[in-house]
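J.: Here are the chains, one letter per residue:
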Amino acid sequence: MIAWTFLTALIGSCLLFLLPRRWRDSARWIALAAAVAGMVPVLGALANFAAAAPVGDFKFVLRHPWIETMGIDFHLGVDGISLVLILLTAIMALAGILFSWNITRQPQRFFALFLLIIAGAYGVFLSLDLFLFLVFYELVILPKYFLIAGWGSTRKDFAAMKLTLYSIFGSALVIVGILAAWFASGRSGFDLTALAATDYAPGLQIWAFPLTFLGFAILGGIWPFHTWVPGGHTAAPTAASMLLAGVVMKLGAYGALRVAMPLFPEGLETWRLFFALLAAVGILWGACVALAQRDLKFVIAYSSISHMGFVFLGILCVSLVGVAGGVLQMVSHGFIAALLFAVVGRMLYDRTHTRDLSALGRLGLRRALPFAAFVFIAATAASIGLPGFSGFVAEVLVLLGSWSSFPLLLVPAAAGILVTVAFGLKAMRETFFAEPVESTSPPPDYPPVTRPEYLGALLLLAASLGLGLYPQPWIEVVSAALNSEMMRVIFP
Amino acid sequence: MNYSNFTLYLLPEIVVLLTALGMVGLGCTPACARIGGRGFGWIAMGGVGLALLVLLCLPGPATLPEAVVVHDPLTRLFKAALCLLAVGTLLLGAGGKTRTEARAEGRALLLFALIGLMVVVGTEHLLVMFVGLELASLALYILVAFENPGPRQAEAALKYFLIGSVAAAFLLFGLSLLFGISGSMELRGIAEAIAEMGADPVLLAAIACILVGFGFKVAAVPFHLWAPDAYQAAPVPVAGFIASASKVAGFFIAAKFMLLGLGASAGSADWGGFGAGWAPLLAALAALSMLIGNIGALAQRSVTRIMAFSGVGHSGFVLAALAAARHEALRAVLFYSLIYGLANLTAFGVIGLVRRSRQSDEMAAFAGLGRSSPLAAGALVLALLSLAGLPPLAGFFGKFQLFAATLSGGIDPAARIWLVGLALFMSAVSLYYYLRILKYVFFAEPAEAASDTTADNPSRAVFIVGGALLILLGLFPGPLLQFIQAVLPHAR
Chain A
1 MIAWTFLTAL IGSCLLFLLP RRWRDSARWI ALAAAVAGMV PVLGALANFA AAAPVGDFKF
61 VLRHPWIETM GIDFHLGVDG ISLVLILLTA IMALAGILFS WNITRQPQRF FALFLLIIAG
121 AYGVFLSLDL FLFLVFYELV ILPKYFLIAG WGSTRKDFAA MKLTLYSIFG SALVIVGILA
181 AWFASGRSGF DLTALAATDY APGLQIWAFP LTFLGFAILG GIWPFHTWVP GGHTAAPTAA
241 SMLLAGVVMK LGAYGALRVA MPLFPEGLET WRLFFALLAA VGILWGACVA LAQRDLKFVI
301 AYSSISHMGF VFLGILCVSL VGVAGGVLQM VSHGFIAALL FAVVGRMLYD RTHTRDLSAL
361 GRLGLRRALP FAAFVFIAAT AASIGLPGFS GFVAEVLVLL GSWSSFPLLL VPAAAGILVT
421 VAFGLKAMRE TFFAEPVEST SPPPDYPPVT RPEYLGALLL LAASLGLGLY PQPWIEVVSA
481 ALNSEMMRVI FP
Chain B
1 MNYSNFTLYL LPEIVVLLTA LGMVGLGCTP ACARIGGRGF GWIAMGGVGL ALLVLLCLPG
61 PATLPEAVVV HDPLTRLFKA ALCLLAVGTL LLGAGGKTRT EARAEGRALL LFALIGLMVV
121 VGTEHLLVMF VGLELASLAL YILVAFENPG PRQAEAALKY FLIGSVAAAF LLFGLSLLFG
181 ISGSMELRGI AEAIAEMGAD PVLLAAIACI LVGFGFKVAA VPFHLWAPDA YQAAPVPVAG
241 FIASASKVAG FFIAAKFMLL GLGASAGSAD WGGFGAGWAP LLAALAALSM LIGNIGALAQ
301 RSVTRIMAFS GVGHSGFVLA ALAAARHEAL RAVLFYSLIY GLANLTAFGV IGLVRRSRQS
361 DEMAAFAGLG RSSPLAAGAL VLALLSLAGL PPLAGFFGKF QLFAATLSGG IDPAARIWLV
421 GLALFMSAVS LYYYLRILKY VFFAEPAEAA SDTTADNPSR AVFIVGGALL ILLGLFPGPL
481 LQFIQAVLPH AR
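Quick mapping for you: the protein sequence lines, in order, are chains A and B. The first sequence begins at 1 in the numbering used here and counts up by one. The second sequence begins at 1 in the numbering used here and counts up by one.
I should point out that these hints are in silico values taken from the structure, not numbers from a laboratory. Heads up, the beta-carbon is just placed ideally off N, CA and C, and yes, glycines get one too.
Restricting the straight-line Cα-Cα distance to at most 20 Å, the calculated cross-link-like pairs of lysine to any residue (SDA-like) are:
hint, chain 1, residue 1, chain 2, residue 2
1, B, K439, A, R155
2, B, K439, A, T154
3, A, K426, A, V289
4, B, K439, A, G152
5, A, K162, B, I295
6, A, K426, A, T354
7, A, K162, B, A444
Now the in silico label distances, taken between C-beta atoms and shown as ranges:
hint, chain 1, residue 1, chain 2, residue 2, range
8, A, E435, B, L375, 52 to 62 Å
9, B, Y432, A, L273, 28 to 38 Å
10, B, F173, A, H64, 49 to 59 Å
Kindly generate the complete structure, drawing on both the sequences and the hints.
T.: See below:
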């Protein structure tokens, strides 16, 4: 049942790759159908989650032998953490397709690659076997490259290659760590729960943890390995930016939380402060650099680095509050960053063909595209953490967590929030509230905002608001997952 | 010796030999022009196909006296794989224009090389192995320069020949030393004789000499210098044969020879605990090959040369697993060599197509291939990404298993992680140059006068079968792996 999440995406992707060129206009409908079909099992899991019988720490467990010689199973399962993240993936898949409705250049290939990323993301969040996890984790790398190099803008070749190499080097580190754990646990298999239950020698954990954690964190955009983020997000086509910021960076954070930390808890204890420091620096650094950018996409990309810093700071608190905050921040940032990229990449850039703040300001966009202005303002409000939006809940939890774990790191983190407010308001003012050159002339005539754009924006806004206004059930499922036998080992 | 048995178990080789001789004979008659290159191609394929059939019908496992011919499921698998790779090579060569003299003899030489490789795979006797290696090498030296004689081809063939003959001399010297101290010509006899010998200086000298021979065959650094020139000068199908079949046989015999014959004097390649023997030597060769192969490939503009350097790197990966000196490594190495051969043959097929229609194998010549010939481009993507080790292609599991095998044995997982770390790092580097090729294939605008690159039907068959197998073996490596595991010879 739960496997249909990525199976539908994979089937859709294969269909699209084989789609004859003359039917390419139907490509977006096929993609939409695949995304909706993938959402069905997610909603099913959501509805039945409380009632489902757990197998160990997980529900909806599916386990088949796959490569028996190596002890590798096709092993899937859902707990609270994966549940919120597959929900995020399902919503992002839908929103991404809605915001790429106007793709005209080889749409069948575009959507096929898009669905491959979605399939990989679902798979990563659901895998309970580390080999299977790696398969999905690396499945995501190539489609990113082709999406950016094929459909991107602004130094796309360089950015795509840089992003791909960062990803592959990150996963090389991860594989070293996983192989070390597999070896030390007696080479019996790659079952995540079994590997996490093994007590590894401190001498191993002390080097295996930083390798694995860093490998994942590179994909999560941790400072100072974040430099692939701005170029990559800016060069990517809108839907790919949305996925990169919304889902792909979360794969890294999820891997760090799900694999690196439970596998090597003693290594975590030793290295915790170091990585938390990097995360806190990232929060402040990303925000400050965002303040200095003139390209609106760069502003959002750097804000992603800052927000992902909160994710890492949260999970490294290793307290229930902090980690739950980190997980919620993954989801929240997914919605918000995607929304911002959608406004900038689709609503503004596709119509005005500029992303330069001063150029945008001269266009009188507030009157020309009021819906874009509304969405951007709402998303900025969410991004700077106004109460009511998801960002507020998540960041408060992270700050509470770090209050007890790393009180000193509150300083850069809080300063980061202040700077976020500054660049958020600045971007908003310069884009929509600057005085147009001739304020009396009628607003320029842009194509009106289309129905898919309305739908996608409202979907993401609703998701962020829903999480922000009623966070309780989500906090509960995530906390329950953190209290499970497997995840409990990360708490000191 | 029972000669009827001898004939029976060599029947596949004899069938190929008779076909080859028949072709040479036909080539001298006036019928030669009427049959034409394509006709000889079909005759050769018929002969190899018949040999394959005979091979599969041979009765159960048998070892002829002194292990001159060993017929068991494993050798049968590898002989069959070699035959299939030869058929693939012939199919790829079917569409090319060959000069009149080369029609019959060129293909006959390929069959002679095939016989040599089959003999190598099917024996555990030192001298027979040497004769097989020489038979294959001599045929390949000629083939490099046979079809289009010119100064570059002559230089490459001479380089190949000189390095090859020096390596053969070393190999023969090493084998004679080995015979001298063990008094046996068979692998198993040698294994028994040297079981108690430890790090005997003569034995170590023998091992060093033998490694020179194998190092040349699999193009490991520092015996790799012939590879880039030979690959580039040779007709592309021949280069494909050298890169696939010849290497598969090289990996097979090196793995079998080292692990079964010399297993007792492996020493250790553990960091900080190096022990005299062939393992540290192999580890050094492996590390050098990975480094020089993959970094060398970065500087190349010709795709054939890139493939040659990447092949050097892949030899490094395989030798690293062998340096673990554990029986488990055998399975990984054998599995990987098959996949490697398949991916290489497919890739060379596409390179041949481009070189035929655009008279160049520079990366720029690949521009626009994605649009003009989607099938070939798709096959190239699958082959290169499998070589780079990305899921869901066969190369991912192959490499994963290979790196896992590199760790096997030893007490401390940290001991050999240096090799694995280097391998993973270099594997990430390799993605860069593979992607550079793919960038031209999909995103570069072809030169205006670019001729059309439609594949002929035989090549198409290779692309489809190769690509499909790479995906299938990536998704379901279990059966092949289990087969290899079940038929592994056991060290006594």
